[in-house]
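Enquirer: Here's the letter readout for the chains.
There are 2 protein chains.
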Amino acid sequence: MSLHALPQDKLSRLHEDALRQYRELQRKGLSLDLTRGKPGPQQLDLADAMEEALEGKFVEDSTDLRNYGGLEGLASARQLGAEILGTDSADVIAGGNSSLSLMYLTVLFAWQFGPADKSPAWKESPAHFLCPVPGYDRHFSICEEFDIGMIGVPMTGQGPDMDRVEALIRNDDRIRGMWCVPKYSNPTGAVYSDETVDRIARLGKTAHPGFRVLWDNAYAVHDLCEPAPILAGIGEACRRHGTEDSVIQFASTSKITRAGSGLAWLAASEKNRASFLRHLGKFTIGPDKINQARHSRFLPGLNAVREHMKKHAAILKPRFDCVLEILDGELGPEYGSWSRPEGGYFVSFDSLPGNAAEIIRLAKELGVSLTPAGSAFPYRKDPEDKNIRLAPTFPSLDELRQAMEAFVVCVRLATVKSLLKPAGHG
Amino acid sequence: MSLHALPQDKLSRLHEDALRQYRELQRKGLSLDLTRGKPGPQQLDLADAMEEALEGKFVEDSTDLRNYGGLEGLASARQLGAEILGTDSADVIAGGNSSLSLMYLTVLFAWQFGPADKSPAWKESPAHFLCPVPGYDRHFSICEEFDIGMIGVPMTGQGPDMDRVEALIRNDDRIRGMWCVPKYSNPTGAVYSDETVDRIARLGKTAHPGFRVLWDNAYAVHDLCEPAPILAGIGEACRRHGTEDSVIQFASTSKITRAGSGLAWLAASEKNRASFLRHLGKFTIGPDKINQARHSRFLPGLNAVREHMKKHAAILKPRFDCVLEILDGELGPEYGSWSRPEGGYFVSFDSLPGNAAEIIRLAKELGVSLTPAGSAFPYRKDPEDKNIRLAPTFPSLDELRQAMEAFVVCVRLATVKSLLKPAGHG
Chain X
10 MSLHALPQDK
20 LSRLHEDALR
30 QYRELQRKGL
40 SLDLTRGKPG
50 PQQLDLADAM
60 EEALEGKFVE
70 DSTDLRNYGG
80 LEGLASARQL
90 GAEILGTDSA
100 DVIAGGNSSL
110 SLMYLTVLFA
120 WQFGPADKSP
130 AWKESPAHFL
140 CPVPGYDRHF
150 SICEEFDIGM
160 IGVPMTGQGP
170 DMDRVEALIR
180 NDDRIRGMWC
190 VPKYSNPTGA
200 VYSDETVDRI
210 ARLGKTAHPG
220 FRVLWDNAYA
230 VHDLCEPAPI
240 LAGIGEACRR
250 HGTEDSVIQF
260 ASTSKITRAG
270 SGLAWLAASE
280 KNRASFLRHL
290 GKFTIGPDKI
300 NQARHSRFLP
310 GLNAVREHMK
320 KHAAILKPRF
330 DCVLEILDGE
340 LGPEYGSWSR
350 PEGGYFVSFD
360 SLPGNAAEII
370 RLAKELGVSL
380 TPAGSAFPYR
390 KDPEDKNIRL
400 APTFPSLDEL
410 RQAMEAFVVC
420 VRLATVKSLL
430 KPAGHG
Chain P
10 MSLHALPQDK
20 LSRLHEDALR
30 QYRELQRKGL
40 SLDLTRGKPG
50 PQQLDLADAM
60 EEALEGKFVE
70 DSTDLRNYGG
80 LEGLASARQL
90 GAEILGTDSA
100 DVIAGGNSSL
110 SLMYLTVLFA
120 WQFGPADKSP
130 AWKESPAHFL
140 CPVPGYDRHF
150 SICEEFDIGM
160 IGVPMTGQGP
170 DMDRVEALIR
180 NDDRIRGMWC
190 VPKYSNPTGA
200 VYSDETVDRI
210 ARLGKTAHPG
220 FRVLWDNAYA
230 VHDLCEPAPI
240 LAGIGEACRR
250 HGTEDSVIQF
260 ASTSKITRAG
270 SGLAWLAASE
280 KNRASFLRHL
290 GKFTIGPDKI
300 NQARHSRFLP
310 GLNAVREHMK
320 KHAAILKPRF
330 DCVLEILDGE
340 LGPEYGSWSR
350 PEGGYFVSFD
360 SLPGNAAEII
370 RLAKELGVSL
380 TPAGSAFPYR
390 KDPEDKNIRL
400 APTFPSLDEL
410 RQAMEAFVVC
420 VRLATVKSLL
430 KPAGHG
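Here the protein sequences line up with chains X and P, keeping their order. In this note's numbering, each residue's number is its place in the first sequence (first place is 1) plus 9. In this note's numbering, each residue's number is its place in the second sequence (first place is 1) plus 9.
The following block holds chain X by itself, in its conformation from the complex (with noise of 0.2 Å):
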């Protein structure tokens, strides 16, 4: 039943048991993270042999692998990211340890110079981008460095709300770009529909041509079930439509191999690449090709990702259960609503309208932290103050579960804290 319905003096009573198991809580001293999506150490232990894949051969394709040169990467590296992306390898540049700085120059070069070196640049107008929200503050980062305007879409279960999203592109033409991460999004963990990706490829026959999505596959083959959902192609869907120039994919082995010393892709057309490239080639003279050459010894080939990518979700399925079986069994709908990801990184909590600052602030007095209110919304500002996302990878299985123990009186408290005194709360 609704709490809502409840008379105020059950509500109180509620509340001093949410209290008192708080203050029990309280009593532990507890020192646990649940703010960012890292893998945990047996996850990194998965790649340690890669460290041992070059076997002393320093060349490929008649390319000695520790000199300079290659701006658009190795192409066994090139080949491993098209098997990742589902794309053609001429259209793959493998690039350094971060799709996210691939993205930024992305960004950068189409605001300096306008997309495929066409004007207008987009720092001439102001340009704006849709964010399909909750989303990833990283990108909505970016947005914010070069002053380009965010305008948050609702995602649903299929992807962002894309009647909306078209509506928008039809209506505003300040609009230049949109960030998607197309399977199990972050943070809510939607795989997006064969119908959504099909419209969004549409988008670029009615948006200004300066318009560009930017793919960030982050999550490809990161299954945590089987049989795994299957992302409808995107870069198919735009050939279909004619509208090739209107996406630019992005996937990385952050999260396959090792965060921070992986390997970054970029996918794009061939006047999306040309001009990447020829601005590219300012700011580098090439990647690291040796540790190109690593991951795709270490991985090759799709067969050779999937298997690894099941020993990550053996490793993984159990986590992503605490925390369902937590929540499910600790909360009801009235206490709020979360995402049931197949894969990914991530569970999307949303608490009631207005009680995730609180829970937010509750956990970290617990000494549990939580990613920071608003975050994955742009300008840090979740219009309802509702969501928190849940970030189960990288805490043991016994951390995982006194966080998750200690959340769900947090939600208990802060919802029947709000309830009690409805009014007055600043």
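Each statement offered as a hint is correct.
It does not matter which identical chain is used: a pair holds within one copy or between any two.
Taking lysine to any residue and the SDA-like style, the derived pairs with C-alpha atoms no more than 25 Å apart in a straight line are: (1) Lys291 - Asp126; (2) Lys291 - Arg45; (3) Lys291 - Ser378; (4) Lys291 - Gly383; (5) Lys291 - Ser150; (6) Lys132 - Glu253; (7) Lys127 - Gly158; (8) Lys66 - Lys320; (9) Lys320 - Gly65; (10) Lys291 - Gln121; (11) Lys373 - Asp407.
No lab work stands behind these hints, which were simulated from the structure alone.
We have chain X already, so just place chain P on it with the hints.
Expert: Chain P alone, transformed into the frame defined by chain X:
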């Protein structure tokens, strides 16, 4: 004796001789390359053992090298950079595989937000840079990307002509930066004198507060001779004059360990570092700490670096000797002048004014690639058309000898031709 003084019939004979030699070379069908400052394979072999340096130990200072984080870089990597740059490790940020990228980002951030996040951002004024010439083409390309005007300042044997630099700083308030390669300057090989270093450190006292010297110490430990010249510490000099914010230093291991898979550093004042890191954090989550640890374990301290660089010198010294032997033996001052570097990667050749492009064209027709005419100048314009950068490191000694023998023939042919027909050249 000067060729100018020769009667035309003697010049004609010289021309015929040179032409005959040139035609003989044409029949050889050479294919040689003296363009870029790349280490040779033997040099790269020197660091192959780095691949085993980790010995499976992925933890340092209780940091898991395999995970995200550590924007400033690993402590041991910062320490290594500090020793190479002769500065304090607290001043140092250890980055990725490219000091060029660190310089690019430094310019970008100052351009977009202002140096040390202080107005005016460089983009708001028509920012200009002083560019000692001849200099490094990739520095100039960064300026071009951001529409930063470039003002050439001639190099002397002691560094840039400081009278000119000081006068420009005094009289032109658009100047926001200056490129420097202070040791074994690219391409002249000059080492900035103690006085030059001191005068550069003093510039910050009178220059615009947004002025920054980008001190690219690319060849800090790349000595060929003993005792090696010692570059005065720019950091100390700045502290002496209270101008710590006016200089940002860079270095890398691209020509110590591996080109493209090395380690790059930035060293700067606290204010400059804080601002750089604030924006760097939007660009990346952190550097490749595993590769940083490979480096700091393979080269534990400056003594190890110096020992390693002696092995490079043993490979490179005979190459530089070969270039100088052939230039000294085959050409007199009537054909041009050339540098006698004690380290670094280049020999700088100055033909008689007006001949460089023709020499490069003649060489190309023989199958000998030289850096394109004008490369070492802003906007690729050598005002006197005389400078040619020779890069002797990459070819084998035998290839180098052949290339240099062809080069001197081209120099003689172009020079004599220019005197035979002093007018009418395009």
